[in-house]
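*Asks:* Spelled out, the chains give:
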Amino acid sequence: MTTTVGSPAGAARRPGTTATAYPRYLAGRLGGAAVSLLAVLVTSFFLFRVLPGDPVKAMTRGVPTSAGQMATLRRQFGLDLPLWQQFTDYCAKALTGDLGTSYQFRAPVGELIADKLPATLLLTGVAVVLYSAVGLWLGTRSAWRHGGLGDKLNTGVALTLWSVPSFWLGLLLIIVFSVGVGPVPGLFPTGGMESGDETGPAYVLDVAHHMVLPVLTLVAVGYAQTLLVMRASLLDEMGGDYLTTARAKGLRDDLVRRRHAVPNALLPTVTMIFINLGHVAAGSILVETVFSWPGLGGLFYQALSVPDLPLVQGLFVVFAGAMIVMNLLADLLYPLLDPRVGR
Amino acid sequence: MSLLTIRDLRVTYGTGTAAVRGVDLTVAAGRKLGVAGESGCGKSTLALALLRLLPPTARLTGEILLDGEDVLTMKWGRLRAVRWAGASIVFQGAMHSLNAVHRIGDQIAEPLLVHRRATPNAARERVGTLLEQVGLPAARASAYPHELSGGQRQRVMIAMALACEPRLIVADEPTTALDVMIQAQVLRLLERLVTEQDISLVMISHDLAVLADTCDRLAVMYAGRVVEEGPARDVYDAARHPYGRALSAAFPRIGDPASRLAPRGLPGDPPDPAALPPGCTFHPRCPVALPTCASQDPPLAPAAPGHRAACVLTTGSPA
Ligand SMILES: Nc1ncnc2c1ncn2[C@@H]1O[C@H](COP(=O)(O)OP(=O)(O)OP(=O)(O)O)[C@@H](O)[C@H]1O
Ligand code: SF4
Ligand SMILES: [Mg+2]
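Here the protein sequences come in this chain order: A and B. Quick note: the first sequence uses UniProt numbering, first residue 1, plus one each step. Quick note: the second sequence uses UniProt numbering, first residue 1, plus one each step.
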């Protein structure tokens with residue numbers, strides 16, 4: 001062989017990893033999210049026009065109303081105008097943040113939603129964070145000892161709970177832990193968010209007390225998905241040569257897992273966790289109903305049964321908007337977590 | 001005393017594959033042993049066995065004495081202490097052997113910290129020194145693996161292997177994935193550093209020419225066994241075993257990928273480890289096989305001074 005001793009093979013940088021890559025990526029994602037939001041606005045208007053029932057008749061149900069009064073109501077809510085004009089009015093207002101006036105509550109849709117939003121965000125926010133954590137933890141354990149008894153038990157229980165209807169589990173929990181069964185005393189309130197007479201730290205505890213059962217229900221039926229995705233993702237990583245390197249370096253098994261395998265396996269689950277966070281606004285209509293939780297779920301149910309078109313549209317925009325925003329956040333965060341994606 | 005002594009090492013995977021079937025080898029302190037053989041003959045299995053890195057379902061018997069201590073019977077704590085600090089490995093594909101989400105500086109420093117060889121600050125400094133030793137600027141420590149070229153990544157692997165100043169480095173086809181010019185550079189670098197620091201080297205390759213050029217002694221493996229072992233130049237220039245001769249004829253120049261799977265002049269495929277031929281495992285492909293070869297398996301025996309081969313033709317007539 002006649003080759004020379006290796007000369008320093010200096011800093012050959014790849015193109016595409018320059019400092020301008022991330023801002024451009026950012027702009028692209030923001031633009032995409034804006035377009036999606038517009039699409040949601042448009043869709044929400046037409047989607048709910050197919051609901052059966054005459055809103056004005058529904059509004060005046062049980063109240064004797066003359067044809068003249070009906071016509072006045074129609075004019076008041078702009079329902080006498082041609083559809084295209086209703087649509088342009090709606091768009092113009094929506095862009096200024098005005099989501100219209102609820103037919104049944106005669107109050108601005110924005111205010112109605114803002115009123116119920118915190119309760120929903122609190123309940124589902126806590127639930128999503130908890131079930132993501134539980135799912136990631138159990139998924140990691142399952143994959144690391146895959147095929148063993150613990151793994152089978154883990155995935156079996158998670159899948160069983162996943163297939164249980166949430167309202168049924170909620171009712172069961174109410175019967176056992178609120179009403180009390182046999183020797184079990186009623187430990188938790190049957191529903192609502194507060195007892196109504198507490199302030200300060202006692203109020204916080206009171207709300208937490210009310211949250212236990214609905215959160216438990218949501219976590220129980222929700223963590224399986226995270227578990228399965230994390231398990232599959234970690235199993236994929238476990239054949240990785242870099243883990244052999246880590247073991248060869250003399251790392252303890254738990255360090256190999258925590259420092260090397262899990263960070264790689266987490267990447268695919270990040271997007272999923274943000275999509276779950278996107279569900280936060282929509283909450284869980286069934287669970288909120290079972291536990292009489294004063295959130296958006298109940299409001300949506302009431303709005304659909306009229307149908308209260310402005311309120312339904314408004315809620316739809318908020319639900320979809322949360323989804324879009326969380327997706328955007330996932331897209332923005334991902335390159336910061338995975339060095340291989342340009343930033 | 002030799003630094004590494006392997007005695008009758010056998011490895012059987014959980015699938016029943018007998019990948020290594022009785023290997024005896026020694027490496028003296030500061031010397032370099034080359035291990036050659038076709039794909040699937042058990043080279044990587046041997047390398048991983050040295051630090052007990054095989055899957056838990058693999059069964060290992062025999063002895064692997066590293067500095068007199070048997071790796072196969074060590075307690076876990078002792079084994080972890082020996083890993084990387086006593087012997088380190090340069091793996092084949094550096095892209096996959098490095099962790100994609102950690103900076104290379106942190107990955108090089110990791111064994112120093114795990115084995116308490118340095119404080120975090122001292123480790124950072126040592127990483128810079130190591131990177132410069134392998135011809136990379138110290139500032140590259142903050143790069144991620146994907147930001148480096150294949151050759152640079154393999155240099156990082158070498159820097160990492162040197163970190164704890166081990167007595168032995170095992171290099172499993174350290175340059176296969178690289179193009180020819182880079183291969184030669186990286187090999188030279190590894191050879192130079194190992195010589196300078198008086199570290200023993202076990203270098204694995206399918207390429208006998210490269211090994212002959214780098215190593216003191218050469219072992220040729222076939223179907224999980226060493227069939228020939230001796231001084232590097234002797235084995236390369238005057239192989240005693242018909243398979244050794246075929247291998248040395250097969251590699252006229254370094255890094256010809258076409259010859260990797262089918263050494264020139266050698267018909268047929270390497271045997272399936274699940275269905276090994278009886279007698280000498282090489283006899284179905286051997287150009288000079290005798291009728292008795294189909295039933296008699298010759299042991300590895302002296303064929304010349306300091307040179308062993310497992311063939312009836314070199315170790316005497318069949319019994
Ligand atoms: N984890 C495993 N489980 C079962 N069999 C395996 C495993 N790893 C390797 N083998 C088998 O053991 C034999 C030896 O494999 P090994 O990787 O040691 O060969 P090698 O000489 O390194 O080949 P190459 O030159 O292709 O790297 C092969 O038949 C292979 O199929
Ligand atoms: S023992 Fe027989 S078959 Fe085996 S290598 Fe020697 S001559 Fe060939
Ligand atoms: Mg190999």
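The hints are simulated quantities; they were obtained by calculation from the structure and are not laboratory data. All figures in this text were calculated on a predicted structure; none of them were measured in a lab. Ideal placement from N, C-alpha and C gives every residue a C-beta, glycine not left out. Mixed in with the good hints there might be a few duds.
Sample of chain B residues at the chain A side, in silico, Cβ under 10 Å [claimed, not checked]:
(1) Arg10
(2) Tyr13
(3) Leu48
(4) Gly68
(5) Leu72
(6) Leu79
(7) Val82
(8) Arg83
(9) Trp84
(10) Gln92
(11) Ala100
(12) Val114
(13) Pro145
(14) Leu276
*Asks:* Each of the hints needs a verdict: does it hold here or not?
*Replies:* Status of each hint after checking the structure:
1. Against a cut-off of 10 Å between C-beta atoms, the interface hint on Arg10 of chain B is violated, since the closest Cβ of chain A lies about 21 Å away.
2. For Tyr13 of chain B, the shortest C-beta to C-beta distance to chain A is roughly 14 Å, which exceeds 10 Å, and the interface hint is violated.
3. Given the 10 Å rule on beta carbons, the hint for Leu48 of chain B holds: about 7 Å separates it from the nearest Cβ of chain A.
4. Given the 10 Å rule on beta carbons, the hint for Gly68 of chain B is violated: about 19 Å separates it from the nearest Cβ of chain A.
5. A hinted interface residue such as Leu72 of chain B counts as satisfied when its beta carbon comes closer than 10 Å to some beta carbon of chain A; here the least separation is about 16 Å, so the hint is violated.
6. Taking 10 Å as the C-beta cut-off, the interface hint given for Leu79 of chain B holds, the closest approach to chain A being about 8 Å.
7. The criterion of a C-beta within 10 Å of any C-beta in chain A is met by Val82 of chain B, whose closest approach is roughly 8 Å, and the hint holds.
8. The criterion of a C-beta within 10 Å of any C-beta in chain A is met by Arg83 of chain B, whose closest approach is roughly 4 Å, and the hint holds.
9. Proximity of Trp84 of chain B to chain A holds as hinted, the smallest CB-CB distance being about 5 Å (cut-off 10 Å).
10. The beta carbon of Gln92 of chain B is positioned within 10 Å of a beta carbon in chain A (closest approach about 8 Å), and the interface hint is therefore held.
11. Contact between Ala100 of chain B and chain A, as hinted, is supported at the beta carbon level, the nearest pair being about 6 Å apart and thus within 10 Å.
12. With a least beta-carbon distance of about 6 Å to chain A, the hint placing Val114 of chain B at the interface is held under the 10 Å criterion.
13. Evaluation of the Pro145 of chain B hint against chain A yields a held restraint, the C-beta minimum of about 9 Å falling below 10 Å.
14. With 10 Å as the threshold, the beta carbon of Leu276 of chain B stays out of range of chain A, its nearest partner Cβ sitting at about 27 Å, so the hint is violated.
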